[in-house]
Amino acid sequence: MARNWLQAYSVLDFIAVGMLLSVIAVSSQKRLESCVRTYVLNSWLLAAFVTVSAFYMGMPHLYIAAALTVLSKCFLIPYFLRKVLRQLRVTHDVEPYISAPLSLLAAFALVVVVFSFVSQGVFVTGVTRNALKIAISIILISLFVMMTRKKAITQVIGLLIMENGLFLAGFSLTYGMPIIAELGVVFDMLMGVIILGLFLTQIKKAFVSVDLDKLTTLKG
Amino acid sequence: MLYGVLIPLAAALILMASKRLKPAEYITVLAAGAGALWAGTIAFYALYGYVFDGLGGLFRADALSAYILLIIAGLSFATAVYSVGYMRGELSRLAITEKALKFYYVLFNLFVFTMMLIPISNNLAFLWIAIEATTLVSALLVGIYKRQNSIEAAWKYIILCTVGITFALLGTFVIYYASAEAGTGTLDWTELSRMAHGLNPATVRLAFILIIVGYGTKAGLAPVHNWLPDAHSEAPTPVSALLSGILLNCAFYGVMRFAAIADKSCGHAFVQEIMVFFGLASIIIPAIFILIQSNAKRLLAYSSIEHMGIIALAFGIGGVWGIYAALLHILNHALGKPLMFFVMGRVHSQYHSVEMGEVRGVLGVNPLIAVIGFAGAMCLAGMPPFNIFLSEFLMIKTLAAGSYWGIMATFLAASGFVFYGFLKGFGGMFLGKPSLEHGEPVSFRASDTVLVVMGMGILLLGLSIPGPLNKLINLSIGALGV
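Going down the list, the sequences are from chains A and B. Mapping to the working numbering: the first sequence position 97 is 97, numbers consecutive. Mapping to the working numbering: the second sequence position 158 is 1158, numbers consecutive.
Keep in mind that the hints were calculated from the coordinates and are not lab data. Incorrect hints may have been included.
To be verified - The calculated lysine-lysine pairs, modelled on BS3-like cross-linking and capped at a C-alpha distance of 30 Å, are:
#1 LYS1433(B) <-> LYS1397(B)
#2 LYS1424(B) <-> LYS204(A)
#3 LYS1146(B) <-> LYS205(A)
#4 LYS30(A) <-> LYS205(A)
#5 LYS204(A) <-> LYS1099(B)
#6 LYS1424(B) <-> LYS83(A)
#7 LYS1102(B) <-> LYS204(A)
#8 LYS83(A) <-> LYS1146(B)
#9 LYS83(A) <-> LYS205(A)
#10 LYS1019(B) <-> LYS1099(B)
#11 LYS150(A) <-> LYS30(A)
#12 LYS83(A) <-> LYS150(A)
#13 LYS205(A) <-> LYS1102(B)
#14 LYS150(A) <-> LYS1433(B)
#15 LYS83(A) <-> LYS1102(B)
#16 LYS1022(B) <-> LYS1146(B)
#17 LYS205(A) <-> LYS1397(B)
#18 LYS205(A) <-> LYS1424(B)
#19 LYS1146(B) <-> LYS204(A)
#20 LYS83(A) <-> LYS1397(B)
Claimed, not checked - Quick look at which bits of chain B chain A covers, simulated, 3 or more residues with Cβ under 8 Å:
#21 1005-1017
#22 1086-1094
#23 1157-1167
#24 1311-1324
As the list claims (entries may be wrong) - Examples of chain A residues lying across from chain B (beta carbon under 7 Å, computed):
#25 THR174
#26 ASP188
#27 LEU190
Cβ atoms here follow ideal geometry from the backbone N, Cα and C, with glycine treated the same way.
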């Protein structure tokens, strides 16, 4: 009964679209704090996607994956990011290389390109076939965000959102990997964020700034 | 048997607990020595066809794993011995604090641990986890001097490699999907290569492209190599040796395992096309950059890209001889490149520079280093009678046998550029007229022993391939299922 309802109203698609919209929002946001907040929203949506598909597909091990997502991406990583932000005492502006409207336009262009070029032929996964395209769009938009921002910390946020997109792709393709592998991947990512945070403070110390345009001495 | 991988992890944990520096050096050398013995034992058993399993198939060591493991463990041991003398020198010239140096040894052991996990991971997700873990640990090692340049290099390294490797994870998801579609979802490599013929070729093709972009970034294949020259030249010299000599091969090991599956599922032509593209790009691009380098460590870093290109090219051409050449080249490069970095470390501790314009005529000041250094440079440039010549010659023979004349001409032309770059750079550095300013000759006996042994190694392996090595490589080719 509830399953039919989920399918009739394409709940999974709605959640995935929510994730896409939040990523597009990041590409135009001006304040670092709101970027982090949107990342948290994005992670909650990812967890919701996993939970709903666990229920829909009747795969109980996905509930553990959802719990892992909530714990790591909704609590631990954002907590750590906010701590680093406070420590760095950076100004609150994102300082993009290009203006917000242009960045929005590019994000929309990427979505259009992905939707018109990713064929449905290779992946026939029924309910989640839109989720894959959305996931690829999310990955590309976050790459774009990483390339066009001045502050090192926005690269970290871009990377994290990219990983959310990756997990969306993973779940929509395979309904989750074996749980032990999942644990390892999440552990790696947590360590990654911690180490990136460490480097951020070192960059701040060595360059007296966290702008990436200072990091340009190594060339050729 | 596979629990031996825990040796370096245990060493790292002990070092975290202890406070003093001296024991840290000995424990690191001891652990690396024990690791090498362990890897040697596994390789010895592999010669007689033993395959070790662990944790219900999550870990597995066949002949190819044993071969790569032996290279990792052997080189780690050499690097650990070299590290002691070199890092003491760095400490005495205040390039690094005592606290940071202790942390260096902790990271060193962790780094060896994560690298050793790679060849024995039979589960593709574990393989990914291990490869990503090497990035995280080695980025900290690259940035350990905390200078502006080294932090910049480390930041670039960790960001670019993490983004790259994200694609490899997506590729792993896709291959899982392919297996689920064909019956049972699995990430077990043995299982996957058994069912490879039944996997949907279109899906596997996509997975392989994602994998080669992902692990290729980590393996330093052009055009996704931009982080490599910075990270490898800014890292402390022993770390540069590990990064160039073995870490690149570890990432390439991931590509090889996936290529074996893709080979069976979508035919060799597809794999060949992709690998030849990445191989040729990685041979041509650094050949140009090698000519304009002034810093010797950067030149060596570009040379690593070129050698990874040769390995990818030989592996891509495929067939028994192509893969043989690739595997042999992995060993040869893993001996020659760290040797050259070690020499650069010795030069740096004497001249406080590795700029090829500033350091000249080492021969008159430190003949041993100059002779080994020049031999190493000629070895990396692919000159006989050194070992790299042998594997490159094998590859050329394979190219000729398959009538790939265009590829062969490109490779030979690029090799010419590389030879000129090496001769120009290192000829003056080692044999030229001595520069007016040079520091006091310093000597680390243990480090020099390592240099002499490795120098003998590149010469002897250039003269003949020992029987057991030949057998191990042939068994490794069999393990890939060719």
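Now the hints, each set against the structure:
no.: 1; hint: LYS1433(B) <-> LYS1397(B); result: 39 Å, violated
no.: 2; hint: LYS1424(B) <-> LYS204(A); result: 39 Å, violated
no.: 3; hint: LYS1146(B) <-> LYS205(A); result: 9 Å, holds
no.: 4; hint: LYS30(A) <-> LYS205(A); result: 25 Å, holds
no.: 5; hint: LYS204(A) <-> LYS1099(B); result: 21 Å, holds
no.: 6; hint: LYS1424(B) <-> LYS83(A); result: 51 Å, violated
no.: 7; hint: LYS1102(B) <-> LYS204(A); result: 24 Å, holds
no.: 8; hint: LYS83(A) <-> LYS1146(B); result: 22 Å, holds
no.: 9; hint: LYS83(A) <-> LYS205(A); result: 16 Å, holds
no.: 10; hint: LYS1019(B) <-> LYS1099(B); result: 9 Å, holds
no.: 11; hint: LYS150(A) <-> LYS30(A); result: 12 Å, holds
no.: 12; hint: LYS83(A) <-> LYS150(A); result: 20 Å, holds
no.: 13; hint: LYS205(A) <-> LYS1102(B); result: 21 Å, holds
no.: 14; hint: LYS150(A) <-> LYS1433(B); result: 47 Å, violated
no.: 15; hint: LYS83(A) <-> LYS1102(B); result: 27 Å, holds
no.: 16; hint: LYS1022(B) <-> LYS1146(B); result: 23 Å, holds
no.: 17; hint: LYS205(A) <-> LYS1397(B); result: 54 Å, violated
no.: 18; hint: LYS205(A) <-> LYS1424(B); result: 39 Å, violated
no.: 19; hint: LYS1146(B) <-> LYS204(A); result: 11 Å, holds
no.: 20; hint: LYS83(A) <-> LYS1397(B); result: 59 Å, violated
no.: 21; hint: 1005-1017; result: violated (count 0)
no.: 22; hint: 1086-1094; result: violated (count 0)
no.: 23; hint: 1157-1167; result: holds (count 5)
no.: 24; hint: 1311-1324; result: violated (count 0)
no.: 25; hint: THR174; result: 5 Å, holds
no.: 26; hint: ASP188; result: 5 Å, holds
no.: 27; hint: LEU190; result: 10 Å, violated
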